[in-house]
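Please take these sequences and the hints and turn them into a complete structure.
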Amino acid sequence: MLAAVILGNRLNDDGSPSQIMKYRMRLALEVYKRLSPQVVILSGGIANAKAGISEAEVMYGFLSGCGVPQSLLVAESKSLSTKQNAEFSLPLAQKLGADALVVCTSPEHMYRSYLNPQKLFAKQAKGSGISLYFCSSLSDVDSLCRQLAER
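Counted from 1, the sequence shown has number 9 at position 9 by the working numbering; the numbering is strictly sequential.
Source of the hints: derived by calculation from the structure; they are not laboratory data.
Among the hints, erroneous ones may be present.
[What the hints assert, rightly or not] Computed list of lysine-lysine pairs in BS3-like fashion (alpha-carbon distance at most 25 Å, straight line):
hint, residue 1, residue 2
1, 78, 22
2, 83, 123
3, 95, 119
4, 50, 83
5, 95, 126
6, 83, 119
7, 83, 22
8, 95, 123
9, 50, 33
10, 50, 22
11, 95, 50
12, 95, 33
13, 119, 50
14, 119, 22
15, 95, 78
16, 83, 126
17, 50, 123
18, 50, 78
19, 22, 33
[Stated by the list, open to error] With beta-carbon atoms standing in for the labels, derived distance ranges:
hint, residue 1, residue 2, range
20, 49, 149, 26 to 36 Å
21, 83, 22, 20 to 30 Å
22, 69, 91, 22 to 32 Å
23, 26, 47, 27 to 37 Å
24, 131, 87, 27 to 37 Å
25, 123, 96, 28 to 38 Å
26, 52, 150, 20 to 30 Å
27, 33, 96, 14 to 24 Å
28, 150, 16, 36 to 46 Å
29, 123, 80, 15 to 25 Å
30, 147, 94, 28 to 38 Å
Using N, Cα and C, we set each Cβ at its ideal position, and we do this for glycine too.
Dropping the structure here:
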């Protein structure tokens, strides 16, 4: 089963999504429309106490408001870092029956050396039987359409 996880990003003080988070949510919507994952994990806790809401809740509101069925959305609202995104989301995906996971983030997140999502998710996924795919742009979605069609 194909699952997707959207990595959160610190909210603004008023609880609104940052520009980076808006990008990730729009990308996740495209992943949903084009790849049809059976579950979409929304990964992000309350990294900004002033916001008073978790990143997962904000993503839930956006995606359900855009027509993603609420039954497909699963909130993971404990993680406060990329490392915790991997630590909490991968076991959840495995528990839900996923054998493939599309990790949705933003370009600048993919290429940083500290807390790199590719390295952290690969480390966490080792031995799990889950195939990982990373998505940080619309061209990545195009590529994943081809890759996953061959699966």
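Hints and how they fare:
Taking the CA atoms of residue 78 and residue 22, the gap is near 20 Å; set against the 25 Å cutoff, the hint holds. Distance check on the hinted pair: residue 83 and residue 123 sit about 10 Å apart at the alpha-carbon level, within 25 Å; holds. A C-alpha spacing of about 21 Å is found between residue 95 and residue 119, which places the hinted pair at or below 25 Å, so the restraint holds. Proposed proximity of residue 50 and residue 83 is supported: the alpha carbons are some 22 Å apart, at most 25 Å.
Proximity of residue 95 to residue 126 is assessed by CA-CA distance (about 15 Å); at most 25 Å being required, the pair is judged to hold. Between the alpha carbons of residue 83 and residue 119 the distance comes to roughly 9 Å, so the proposed pair stays at or under 25 Å and holds. As the CA atoms of residue 83 and residue 22 are separated by approximately 21 Å, the hinted pair is consistent with the 25 Å bound. Using a Cα cut-off of 25 Å, the hinted pair residue 95 and residue 123 holds, with the two alpha carbons roughly 18 Å apart.
Restraint check: the Cα-Cα separation between residue 50 and residue 33 comes to about 33 Å, which exceeds 25 Å; the hinted pair is violated. Only pairs whose Cα atoms come within 25 Å are accepted, and residue 50 paired with residue 22 is accepted, the gap being roughly 19 Å. For the hint linking residue 95 to residue 50, the alpha-carbon distance of about 32 Å lies beyond 25 Å, and the restraint is violated. For the suggested pair residue 95 and residue 33, the alpha carbons sit about 24 Å apart, so the restraint of at most 25 Å is met.
Annotation: proposed proximity of residue 119 to residue 50 is violated, straight-line Cα distance about 31 Å (limit 25 Å). In summary, the hint linking residue 119 to residue 22 is supported, as the alpha carbons are separated by about 24 Å, within the 25 Å threshold. The suggested pairing of residue 95 with residue 78 holds, with an alpha-carbon distance near 17 Å, which does not exceed 25 Å. Proximity of residue 83 to residue 126 is assessed by CA-CA distance (about 15 Å); at most 25 Å being required, the pair is judged to hold.
At roughly 32 Å between alpha-carbon atoms, residue 50 and residue 123 are farther apart than 25 Å, so this suggested pair is violated. With a C-alpha separation of about 16 Å, the suggested pairing of residue 50 with residue 78 holds against the 25 Å cut-off. As the CA atoms of residue 22 and residue 33 are separated by approximately 17 Å, the hinted pair is consistent with the 25 Å bound. In this structure the supplied range 26 to 36 Å is violated for residue 49 paired with residue 149, their Cβ-Cβ distance being about 44 Å.
Look at residue 83 against residue 22: about 23 Å separates their beta carbons, and that is inside 20 to 30 Å. For the pair residue 69 and residue 91, the supplied restraint of 22 to 32 Å holds, since their beta-carbon distance comes to about 23 Å. Roughly 20 Å separates the CB atoms of residue 26 and residue 47, a value that falls outside the hinted 27 to 37 Å. For residue 131 paired with residue 87, a C-beta distance near 19 Å fails the hint of 27 to 37 Å.
For the pair residue 123 and residue 96, the beta carbons lie near 20 Å from each other, so the given range of 28 to 38 Å is not met. In this structure the supplied range 20 to 30 Å is violated for residue 52 paired with residue 150, their Cβ-Cβ distance being about 45 Å. Take residue 33 and residue 96: their Cβ atoms lie about 20 Å apart, and the range 14 to 24 Å holds. Here the CB-CB span from residue 150 to residue 16 is close to 39 Å, well matched to the stated 36 to 46 Å.
Roughly 18 Å separates the CB atoms of residue 123 and residue 80, a value that falls within the hinted 15 to 25 Å. In this structure the hint that residue 147 and residue 94 lie 28 to 38 Å apart at CB is violated, the actual value being about 21 Å.
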